[in-house]
Amino acid sequence: MKKTGKVLAPVLALLLVFVLCNSLYTVQPKEYVAVRQFGRIVNVVDTPGLKAKIPFVQTIQRISAATILYDIPASDIITKDKKSMISDNYVLWRVTDPTLYIQTLNAIEARAAERIEAAVYNSLKKILSNMTQDEIIAARGERLTQLITEDANGDIRVYGIEIIQSEIKALDLPEDNKAAVFTRMISERENIAAGYTAEGAAEAQKIRNETDRKVTVMTAEAEKEAATILAEGESEYMRILQDAYNTDDKADFYNYTRSLDALKASMTGGSKTVMLDKDSELARILYGDFEG
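Reading the sequence shown from the start, the letters are residues 8 to 299 in the numbering used here.
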C-alpha cells in the first residue's frame, strides 16, 4: 500500500503540472490571443500578462497586433491621358478586429497580404486612371497617399484589417517610353528657353531703340542750344567790334592790323616775296606807310 502511494504521488504531481500548464497562458505586448472552445471563439484577450483558460476544453490562437510592412509588387497603371506608368507601393497594416480576421482569413498573414495587394491595386487603378500624368506627378506625396489609403480601406475592413498607410515608393515610366518622354521634355524646355530668349531680345531691342531715340533728341537739343549760343556769341562779338571801331580812325587801324595779320600768315616756307596787286588794301597800306 505504501509502495502504491509512493508511485501515485509523482504521477499526481505531474498531472497537476500538466493541467496547470494547459490552464495558463501569457499574452505578449502587441498581441491578440483568441480563446476558442470547440472551435468557436469565446474570448479575445489583448492585455499583456498571465491568463487562465479551461484546460483541455479551450485552446488559444495568437495573432500579431503590431503594424506590419508589406512591399507590394510593382504594377502597370494607365492614366486618364492613356499613358502607362509603373507604380511601386508599400503598405503598413494591422489587425483591428481579431475575430473577423480569424473568421474570414483564418488569421493567415499570407491571405491578408493577397487581399491587401488586390485592394491597393484596385484603388491605384481607380484613382490614377481618372488623373492625367501631369496631375499624378503634381499630386505625388501626402495627397495621393491619403486618397489611395482611404479607398483601399473601404475594401479591406471586411477582413478585420486596417491599412494605416499605402505609400508610393516609385512612380515611373516604362523603359520603352522613357526616351521618348525625356526627348519631349527636353524639346519643351528648349522651346520655353527659346521663348524667353526671344522675349529678352525683343525687350533689349526695345530698350536700345528707346535709348537711341532719347540720345538723338538730346543731341539735337544740345546742337540747337549750341547753335543758339554760338549765334548769340557771334552777334555779341560783332556788336563789340562795332562799338570798338565806330570811328574812321579806329576802322582804319582795324583794317591795318587785319592786313598785317594776313600778310604774316601768307609768308610761309623759304620764300619771303609777296606779290600784291597795286589796288589791294594791303598794298595801299604798305605804300602809304612807305610814302609817309
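If you are wondering where the hints come from, they were derived from the structure by calculation, not from laboratory data.
Some hints here could point you the wrong way.
Derived pair list, reagent style DSSO-like, types lysine-lysine, alpha-carbon separation capped at 27 Å [stated by the list, open to error]: (1) K221 - K90; (2) K176 - K89; (3) K87 - K176; (4) K132 - K89; (5) K176 - K132; (6) K90 - K37; (7) K176 - K231; (8) K89 - K58; (9) K221 - K231; (10) K60 - K37; (11) K87 - K37; (12) K133 - K90; (13) K58 - K37; (14) K87 - K133.
Each pair of labels, with its calculated beta carbon distance range [unchecked claim]: (15) I144 - D219: 23 to 33 Å; (16) S82 - V165: 21 to 31 Å; (17) T218 - T152: 51 to 61 Å; (18) T190 - S82: 23 to 33 Å.
Just so you know, these numbers come straight off a predicted model, no measurement behind them.
Glycine included, each C-beta is placed from N, C-alpha and C at the ideal position.
Now the hints, each set against the structure:
1. In summary, the hint linking K221 to K90 is not supported, as the alpha carbons are separated by about 56 Å, beyond the 27 Å threshold.
2. About 22 Å separates the Cα atoms of K176 and K89, which keeps this hinted pair within 27 Å; it holds.
3. Distance restraint check for K87 and K176: the Cα-Cα separation of roughly 21 Å lies within the 27 Å cut-off, and the hinted pair is therefore satisfied.
4. The suggested pairing of K132 with K89 holds, with an alpha-carbon distance near 12 Å, which does not exceed 27 Å.
5. For the hint linking K176 to K132, the alpha-carbon distance of about 16 Å falls within 27 Å, and the restraint holds.
6. This hinted pair does not check out: K90 and K37 have alpha carbons roughly 43 Å apart, beyond 27 Å.
7. Simply put, K176 and K231 have alpha-carbon atoms about 76 Å apart, too far for the 27 Å limit, and the pair is violated.
8. Restraint check for K89 and K58: not satisfied, since their Cα atoms lie roughly 58 Å apart, outside the 27 Å limit.
9. Among the hinted pairs, K221 with K231 is consistent with the structure: their alpha-carbon atoms are about 15 Å apart, no more than 27 Å.
10. Only pairs whose Cα atoms come within 27 Å are accepted, and K60 paired with K37 is accepted, the gap being roughly 20 Å.
11. Pair hint K87 plus K37 does not hold up; C-alpha atoms about 42 Å apart against a cutoff of 27 Å.
12. With a CA separation close to 15 Å, the supplied pair K133 and K90 stays within the 27 Å bound.
13. Of the supplied pair hints, the one linking K58 and K37 holds, its CA atoms being roughly 16 Å apart against a limit of 27 Å.
14. A hinted pair counts as satisfied when its Cα atoms are at most 27 Å apart, and K87 with K133 qualifies at roughly 10 Å.
15. About 47 Å separates the C-beta atoms of I144 and D219, a value inconsistent with the hinted range of 23 to 33 Å.
16. For the pair S82 and V165, the beta carbons lie near 22 Å from each other, so the given range of 21 to 31 Å is met.
17. Separated by about 55 Å at the C-beta atoms, T218 and T152 satisfy the suggested range of 51 to 61 Å.
18. Between T190 and S82 the beta carbons are some 26 Å apart, a value that agrees with the proposed interval 23 to 33 Å.
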